[in-house]
Every structure is written in C-alpha cells, then in structure tokens.
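Q: Below are the chains, spelled out letter by letter.
There are 2 protein chains.
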Amino acid sequence: MEVFVGGVGMVPFGRHPEVSLVSLLIEAAKRTIEDDGGLEVDCVVVGAMNPEEFCGQGNISAAVVNNLGLSGVPSLRVETASSSGGSVLEVAHWAVASGGFKRVLAVAGEKMTHLPTPLVTKILAEVIEPYERNAGASMVALAAMVTQAYAHEAHISIKRLESVLCKIAVKNHRYGARNPYAQFQKEITEEQYFNSRQVSFPLRLYDCSPITDGAAAMILTSETKNVKLTGIGHGTDTLAVRHRVNLNSFAAARVAAKKAYAMANRDPSDIRFAEVHDAFTCFEVIGAEDLGLLEERKGWKSVERGETELEGRIPINISGGLKSRGHPVGGSGLAQAVEIVWQIRGKVAPERQVKEASIGMLHSIGGLANNNVIAIFEDAQTPPHGFGWAPTYERRIEINRDPKDPEEIKGREGVVDACTVLSVPPEGFPSPLVLGLISTSEGHRVLARAPTGAHFKVGEKVFLEKEENRYVFMKAHPVERLLYKIEKRKENLNAKVKGLLSRWRT
Amino acid sequence: MEVFVGGVGMVPFGRHPEVSLVSLLIEAAKRTIEDDGGLEVDCVVVGAMNPEEFCGQGNISAAVVNNLGLSGVPSLRVETASSSGGSVLEVAHWAVASGGFKRVLAVAGEKMTHLPTPLVTKILAEVIEPYERNAGASMVALAAMVTQAYAHEAHISIKRLESVLCKIAVKNHRYGARNPYAQFQKEITEEQYFNSRQVSFPLRLYDCSPITDGAAAMILTSETKNVKLTGIGHGTDTLAVRHRVNLNSFAAARVAAKKAYAMANRDPSDIRFAEVHDAFTCFEVIGAEDLGLLEERKGWKSVERGETELEGRIPINISGGLKSRGHPVGGSGLAQAVEIVWQIRGKVAPERQVKEASIGMLHSIGGLANNNVIAIFEDAQTPPHGFGWAPTYERRIEINRDPKDPEEIKGREGVVDACTVLSVPPEGFPSPLVLGLISTSEGHRVLARAPTGAHFKVGEKVFLEKEENRYVFMKAHPVERLLYKIEKRKENLNAKVKGLLSRWRT
Numbered sequence: 000m001e002v003f004v005g006g007v008g009m010v011p012f013g014r015h016p017e018v019s020l021v022s023l024l025i026e027a028a029k030r031t032i033e034d035d036g037g038l039e040v041d042c043v044v045v046g047a048m049n050p051e052e053f054c055g056q057g058n059i060s061a062a063v064v065n066n067l068g069l070s071g072v073p074s075l076r077v078e079t080a081s082s083s084g085g086s087v088l089e090v091a092h093w094a095v096a097s098g099g100f101k102r103v104l105a106v107a108g109e110k111m112t113h114l115p116t117p118l119v120t121k122i123l124a125e126v127i128e129p130y131e132r133n134a135g136a137s138m139v140a141l142a143a144m145v146t147q148a149y150a151h152e153a154h155i156s157i158k159r160l161e162s163v164l165c166k167i168a169v170k171n172h173r174y175g176a177r178n179p180y181a182q183f184q185k186e187i188t189e190e191q192y193f194n195s196r197q198v199s200f201p202l203r204l205y206d207c208s209p210i211t212d213g214a215a216a217m218i219l220t221s222e223t224k225n226v227k228l229t230g231i232g233h234g235t236d237t238l239a240v241r242h243r244v245n246l247n248s249f250a251a252a253r254v255a256a257k258k259a260y261a262m263a264n265r266d267p268s269d270i271r272f273a274e275v276h277d278a279f280t281c282f283e284v285i286g287a288e289d290l291g292l293l294e295e296r297k298g299w300k301s302v303e304r305g306e307t308e309l310e311g312r313i314p315i316n317i318s319g320g321l322k323s324r325g326h327p328v329g330g331s332g333l334a335q336a337v338e339i340v341w342q343i344r345g346k347v348a349p350e351r352q353v354k355e356a357s358i359g360m361l362h363s364i365g366g367l368a369n370n371n372v373i374a375i376f377e378d379a380q381t382p383p384h385g386f387g388w389a390p391t392y393e394r395r396i397e398i399n400r401d402p403k404d405p406e407e408i409k410g411r412e413g414v415v416d417a418c419t420v421l422s423v424p425p426e427g428f429p430s431p432l433v434l435g436l437i438s439t440s441e442g443h444r445v446l447a448r449a450p451t452g453a454h455f456k457v458g459e460k461v462f463l464e465k466e467e468n469r470y471v472f473m474k475a476h477p478v479e480r481l482l483y484k485i486e487k488r489k490e491n492l493n494a495k496v497k498g499l500l501s502r503w504r505t
Numbered sequence: 000m001e002v003f004v005g006g007v008g009m010v011p012f013g014r015h016p017e018v019s020l021v022s023l024l025i026e027a028a029k030r031t032i033e034d035d036g037g038l039e040v041d042c043v044v045v046g047a048m049n050p051e052e053f054c055g056q057g058n059i060s061a062a063v064v065n066n067l068g069l070s071g072v073p074s075l076r077v078e079t080a081s082s083s084g085g086s087v088l089e090v091a092h093w094a095v096a097s098g099g100f101k102r103v104l105a106v107a108g109e110k111m112t113h114l115p116t117p118l119v120t121k122i123l124a125e126v127i128e129p130y131e132r133n134a135g136a137s138m139v140a141l142a143a144m145v146t147q148a149y150a151h152e153a154h155i156s157i158k159r160l161e162s163v164l165c166k167i168a169v170k171n172h173r174y175g176a177r178n179p180y181a182q183f184q185k186e187i188t189e190e191q192y193f194n195s196r197q198v199s200f201p202l203r204l205y206d207c208s209p210i211t212d213g214a215a216a217m218i219l220t221s222e223t224k225n226v227k228l229t230g231i232g233h234g235t236d237t238l239a240v241r242h243r244v245n246l247n248s249f250a251a252a253r254v255a256a257k258k259a260y261a262m263a264n265r266d267p268s269d270i271r272f273a274e275v276h277d278a279f280t281c282f283e284v285i286g287a288e289d290l291g292l293l294e295e296r297k298g299w300k301s302v303e304r305g306e307t308e309l310e311g312r313i314p315i316n317i318s319g320g321l322k323s324r325g326h327p328v329g330g331s332g333l334a335q336a337v338e339i340v341w342q343i344r345g346k347v348a349p350e351r352q353v354k355e356a357s358i359g360m361l362h363s364i365g366g367l368a369n370n371n372v373i374a375i376f377e378d379a380q381t382p383p384h385g386f387g388w389a390p391t392y393e394r395r396i397e398i399n400r401d402p403k404d405p406e407e408i409k410g411r412e413g414v415v416d417a418c419t420v421l422s423v424p425p426e427g428f429p430s431p432l433v434l435g436l437i438s439t440s441e442g443h444r445v446l447a448r449a450p451t452g453a454h455f456k457v458g459e460k461v462f463l464e465k466e467e468n469r470y471v472f473m474k475a476h477p478v479e480r481l482l483y484k485i486e487k488r489k490e491n492l493n494a495k496v497k498g499l500l501s502r503w504r505t
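From first to last, the protein sequence lines stand for chains P and S. In terms of numbering that gives the first Met the number 0, the first sequence has 87 at position 88, counting the first letter as 1, and numbering is strictly consecutive. In terms of numbering that gives the first Met the number 0, the second sequence has 255 at position 256, counting the first letter as 1, and numbering is strictly consecutive.
Just to be clear, a hint being listed does not mean it is correct.
Since the list gives no way to pick out one identical chain from another, each pair is judged satisfied if it fits inside one copy or across any two copies.
Claimed, not checked - Below 30 Å or equal to it, Euclidean Cα-Cα: the simulated BS3-like pairs (lysine-lysine) are: (1) K257 to K29; (2) K101 to K224; (3) K185 to K456; (4) K354 to K257; (5) K497 to K354; (6) K403 to K29; (7) K224 to K354; (8) K257 to K101; (9) K403 to K158; (10) K456 to K497; (11) K158 to K484; (12) K158 to K29; (13) K489 to K166.
Keep in mind the hints are simulated off the structure, nothing from the lab.
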C-alpha cells in the first residue's frame, strides 16, 4: 500500500523552561493536525528516548492522546534511543501499510534543558554498551574515536580533517541562522570554531550538537497527497563499538539505506538533498558516505569543494542539522522528516530553499550508530526510476571480531585503531582521560586507557597490559613500560603499607 | 494479510537475582526461535516498561538484537506501561500485515526484584496522572477505589465482594501451582487470604500481583501455521481516573475489545477462555465484563458460581494470572499470549488444560487502564463465525467530566464516588492515608483526602473543602466540620506563633 504524508508540524527548538514535554508534543501534534486540515487521526505513535528520567513521565503515549482530547484512540510509544523520531515513522508506516489505519499521527520529542549537563550526559550514556561505559567512554569520546578512525582510513591528517569539520559546523550554523525553528539563530566564524574548547580530541564544543527541548510531528495516511514516503529502512549494529569490523563507517546505516533504496526503487543518484544525523560534525561526512551520497572515504573532499552547500550537488542539512537546529534526542529524526517535507513542498524561506527538492533522504542514528533509520520522501509527481534498480536487501551485518574481551593478553603488543583525549570525563575518572581502541596481536580489539595524558596516533604500536578488569596501553618505548612498572610497584607497595598500618592500629 | 503464530516461549517467572533483563529477554527469544524451528527472523520488536530506571539500561532493542547475534536486523522498543507486552504484539502484527516482514520476533519482559519495594512502587507510580500522584494516589490506591466503585454499581456489599476477590485469589494460586512458569508454585487458603494484611481498603496483599522478573516471546509470521492471531485492538482512556464517566469499568478495554472482535469477526460467545490482566483481583471481574465474557455488573455472580474455573463456562487465568504467575510489568501481556497459544496447541499439563481451547482472548492493561490491548488467538482450523457479526468500531470514548479541577468549591457538599484507606502511602504522606473521589454539587469530580482515618461509603454525602492546592473531605455531620475548622485554626495559629518567634529570635 502506498503511504503519503498528510500534515507536518514542529515547535521551534531551543530552551522551553516553562513547558512540559507533553505540552511540546501536543503543540507539535496540533500544528500537524491543522496542517492536515483538522481531520481526525485513528492512531497515535509517540517517540521519546527517556521521558522517565528526563521528566519523570511514564506512559507518555497515554498522556499525549489524553491531552489531545483523543482518549480512546490507540496510542503507543516507540523507542530506539536517539533515532526514536525515525522509528515512529517506521511504525506509523507499518500501521498505515497494514491497512488497519487511515491516518496515523507520529509525534516525537524530548525535553532536556531543565537538567544540569552532567546529568544529561549520564542519562544519554545509558545507551552505551556497559563495559565501554564503565571504562569511561561517553558518547563524545566514542564519536571522537570514530572521527580519528575516519581520518586514518580516508588518508587525511587530523589537521586537515579539523578544517573539514569546521566547514561543516560553519555551514550548519549558516543555514540554522536562516531557519526560524533552529535553536541557534546565529552564524559562527572559523575563528570561533577553532577557539571553542576541546571536548574529546579531535572534537571541539562546536563539533557537538547541543542539549535541546523540541518536538515534531507528521501524519501518514493512505489517502493520496502531494508528498509520499516511498522507502524506509532500519538497521542495527553491535552495541559495543569495539566489536565492529569498521570503525570509520556505520554498518547499521548501510543496511538501512539499502532497504530504503530497494523499497523506493531508487538509488543514490536519485536523491536531491538529505538530512543527515550530525550529532557530531564528523557523522555528517560518514553518514553521507554510508548513504552513497558522497564517495567512499572521499566525502571530506566533497565538503571542501562545497558540494553539500545549498547550491552544491547534494545539499545536506540545510535546516542547520542537529548541530544548529538542536538535538532533542528522541525528536530529531522526526524533525528531519518534517524539514524534508517542507523542502519538497517548497515551503521554506527562499534563502534556504533547495532548488530541485523532489526527493529527500532522512538519516537518523540511534545510540552510537547501532539503531539507524533511513527514509526517502518524494514529491508524488516525481517519475519513477527509469531502469530496474535491483533490490539488494542485506539484513545481517558482518561481525568477525571476537565479542569476548580477552582474559589475558599474551603478546602485550597492540595497535591503536582509534584514540581520544577526553577533557570532561564521566564522574570518577581522572581528567584528561585517554581512551583507545587497541587491536591485540591475537586479533581482539579492546577498549583501553592510557595512564598518562599522552596523545597517540592511529596505527601506532603500543604496549598493552591487563590490570584486573581493565586494559591499559602506553607508548611502545621500553622506558615507558619500565616507568609504568615502577609506578605499579609503588602503588602496590603503598597499598601493602596502608594495609599493614591499618591492621597494626586496630 | 493473515498473521500466524510461528513460535512461542518464555522463561519461568520469579526472582532471577543473577541475571540481567537482557539475558532474560534473550533466553525467552531463543526458546521461541527454537520452537519455530530455528528459522531466521527479519525484525525484532522489544517490549519493556522502564528498563532505564529498573536496570539502568538504555537502547534495549539494540542490546537484544546484538545479544541474539542478529546485528543488522531492525529492532525497536514499544512501550505502553504495563501493557507493553500486548503492544509489541500489535506492532509486530502491523509489521507482518504491512507485507514488509516475513517473521517478526516480539519479545517482552521486565526485571524488578533487585530493587527495594518502595523504589519499585515509586517507579510504577510515574504512570499515574501527575495531580493524582502528587495527591498521594499509588496504583493500589486507585485500584482500591475502582474496586469500591464496582461494588457500589454492582449492588454488592464490600463484605460479599471480598469473598469474591478471595475466590479469585485462591483460584489463580491453584492454577499457578500447576504452572511450572508461575512465580508462586503454591495454593493458598481462604484463611490465608483473609489474614493477609490490608494494603488499601478493601484490597489485601493477596489481591495484588507480585513484583517479578520475567520475559516471554512470540514470532508472528505470514506463513501458515496452526495458530492464528485473528484480531487485535488497542484503546486509551483519560490519564486521570477522576475524569472518567464510569469508575467501575474500563472504557479503554471496551474500545479495544470492539476492534478485536470486529477484526476477527467474532463475538463474546465465540471466546472459549481468556487471560485477563488481574494486576489486582477485582480487575479480573471488571476485565471479563469489559470483554463481554461475563454479564455486566454481574460478573461477581459468575465467579461465585465457579464459571471462570478450569471446568467452568469460561475459564479465566488458568495460567495463574498475573496474581500467581507474576507480573514483570512490560512482559505480562506477551506471557498471557504465550499461555493462550500453548492452550490452543494443547501443550500445557493435563491438570490445567482447557478442554475446548479453540479461541482464546488476551486482555492487557497499561497504566491505570488507560492503554489497553485486546487480542484474539484461534486454532487455524476453527470455522469462521456463522453469521455476519457487525463490526462496531468506536474509536473515541465518552468524556463528560470537566477535566479542570475547580478553583473554588461553592456548594461545599459532595458525594463519595469511590474511596480507600491506604496503609502504606507514598513517601511524605501520613499513614493511613484516606483518599476519595468526590463528586461536587457543580458536577466536578475531585481527588480529595480525609483528615482522619475514618472509613467512608460510596454514595455517602460529605463536606468538601479546598486548601491551597488540595481538596479535603470529611463526614457530613456539622460537628465534623466544626472540629475540622478548629483544627485548621489551631494549625494557622501555630504557624503564626512560629513565624513570630523566629522573627523575634533573629
């Protein structure tokens, strides 16, 4: 069954201190129902990542349908972490395509700005694989390691990649400044970007999307409308980043994109513009490569050439992206979808209207890219693909890493696959915290910590040790190892002396 | 498209101190995939009410698909509070019926026993409408008031209703003792029931389902199998209990049941047995009436006559129900579904096998009955309904109560619609806490608190007062009001004296 877009709507993103999450969702929903001509919806699908911990609100789908005055109508919540806004579309699509419903309201959002940043970071970190979380990895630390791995695989220096990331940040702020729904209504300069503080090397504050309150909504319907949802795909990946074959791309997005392309009978050359999940600037390049919109490992060159600008070959994040429009985690996916529909309808301000906005692609990342949703929206008048695009729907992804962390390390040598220096580590960790994904000589990959604040390069050989439940890596020079051993001996001795003293005292 | 049941499976319910929620879900899923012949699933739908707060686990659908070794396969979580296990079935049904998937794994569960009871109660209370929660209402208090309202509407004394509830508790424990998957493997006597402590009058400890760890799973498929999911419906109701027209029945279940009957082309006389959401014993009678399986307001008579026993006209909760099998909140709905499929397949122990188990009905309640899911499973060989059952699918429910709480109370007189004495109130409230749903003379209904531990009868006239943000009710005798006024004066005077003293001291 064909699925069309009825109405769309969203609330301006930013700080809404006086308003509850439910009120934000209701406002987005009301605007959407109005946009659809006020017709009655027969099902409500709500997306939110963690309303319980952000807002103390349980059973949110019942609260939404109640506050819309639609008690009786079925309503449920869908959650896939930060792609929840994409997943509501998927479930709403199923509901319509099943023939069970005529008009399904998808509404998604999050309210986060009322909480202190460390608490928000802690709640967001609950989606990280427990071992990696306990080793000190936060979302930005993992994203920083992915960024380093990308630079290595793309044969580009960190310095040059930084200038690419800067271009993305500046671009997204430029378009955000033209979008009345964006959290940041201001442009930034290259200087401001490079002056912003390092959060997790090589990512700066201006590489990260902000903490945001916001909500968006869309009605999917079986009735013919001028915009169609032609393809939607969803893919997952290992929870642990260290278990992935490739660190520089996201398999979950590739699986999802393949399905979306096959369903829509489209290929990357058909896509005119895209909304890509730039929670961190580097994800915009990686995401566009995963979708096939930019050339594999050469996406950074396209950014340098301005191909992703409004006037470029494939405009990306002309909304301002998550970076500038803001990132209410459970709501972003649906906000991207609303933006795409507005662009296709030609309803955005002329200074940011994509010229040939006939087919747009949505790319939403859940967690650290282990729950991704890709969708294709089209002007219903667009002619179908000229030739038969062969659907190659791969469901499973390749995992050739041993998912078990090694009990012992034999060779005591490893290679840095990715690394970061985290300036603001989670509670209980020293600052700066140096984390690395290290491949062992036996073929495992572990998440390890360096004892000093040293910087490491991807591909660098290191010494690897195991202490109780954690792995430690250090520079491969024998002196480093000696110093580390002396340090450990001193610690052990201190512990013994303390033990003896306390026994003697009692 | 017709939707069939591929495989089913569950883990024994109870306390699983050494095991994580993800492990419980994986175990249930593995048993289910095995039951289905080990075929590959192409989508995973996970149900859990609050894994973030119960277990600190975010993005659980990605964790499940990862630990099943199915990375790549789409996976999302569905949540509707305590009916999440029912809602995963609904979404899995949409996924199959949409034609997008061949074999969808629905898996749902919860892990709760590792937390102290007051914390569990607090987390569960997040689904209660904020005003009612802040007034001291817990789930059991609201259920107790519904129980009182039922007794009043059914013209039955509380004493007689207690003996009906006792019969339900004894019955469900009797069958739980025959179910190897049940948390409580023991029968209880009437004496034990009446000796169990009052939790919220008239509900005793043995009227309440326990805190449980557990998980269940089911594969829905488009391939022909011997059991079919023929109907599924979902309905919502006002979040606030006080806004409902009727307190003695659940409109959300009625809306959902109508849809399920219409979809399956069945009527209540076709149903051979049911799994009804007996989170509190009284919900079993109310639920069976809402489904049309027992006569309106006379369901209690059917219980007295033994009609809901294994050998009765319409066996209910032969699994032991939530009461005895246990209630891992997000998992119960799916466990009920698994039980129904086992019964239809004739796969349970002879001492609890329903004789003509050709058509079974699932009834799952989310929150305080504001998010309910009803489903019908059938032996695929069962002949269709002989006559045309006219589908009467009502989507909306009647709300004629003003949803705004009155700013002032004019008449200062009210009638008790429902009332309870809560022995273990939420933190910060005095024990016992007397709560009442009181209709005002202007037609509002408010949730009010009585200042003393007095018992009230439904239908009793009371005095109603408003103090700042809360309502207070008391016996209608003028002396009561006088005493209350004196008490308030004393309190005010005390406050004033304290204020003066503290000012004088500084």
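Q: Determine for every hint whether it applies to the structure shown.
A: Status of the hints after comparison with the structure:
{"no.": "1", "hint": "K257 to K29", "verdict": "between (34 Å within a copy, 28 Å between copies)"}
{"no.": "2", "hint": "K101 to K224", "verdict": "both (13 Å within a copy, 29 Å between copies)"}
{"no.": "3", "hint": "K185 to K456", "verdict": "neither (35 Å within a copy, 63 Å between copies)"}
{"no.": "4", "hint": "K354 to K257", "verdict": "within (26 Å within a copy, 49 Å between copies)"}
{"no.": "5", "hint": "K497 to K354", "verdict": "neither (72 Å within a copy, 72 Å between copies)"}
{"no.": "6", "hint": "K403 to K29", "verdict": "between (49 Å within a copy, 20 Å between copies)"}
{"no.": "7", "hint": "K224 to K354", "verdict": "within (21 Å within a copy, 52 Å between copies)"}
{"no.": "8", "hint": "K257 to K101", "verdict": "both (28 Å within a copy, 18 Å between copies)"}
{"no.": "9", "hint": "K403 to K158", "verdict": "neither (35 Å within a copy, 60 Å between copies)"}
{"no.": "10", "hint": "K456 to K497", "verdict": "neither (38 Å within a copy, 68 Å between copies)"}
{"no.": "11", "hint": "K158 to K484", "verdict": "neither (34 Å within a copy, 76 Å between copies)"}
{"no.": "12", "hint": "K158 to K29", "verdict": "neither (47 Å within a copy, 48 Å between copies)"}
{"no.": "13", "hint": "K489 to K166", "verdict": "neither (48 Å within a copy, 70 Å between copies)"}
Comparing the model with each earlier hint shows violations of hints 3, 5, 9, 10, 11, 12 and 13; every other hint is respected.
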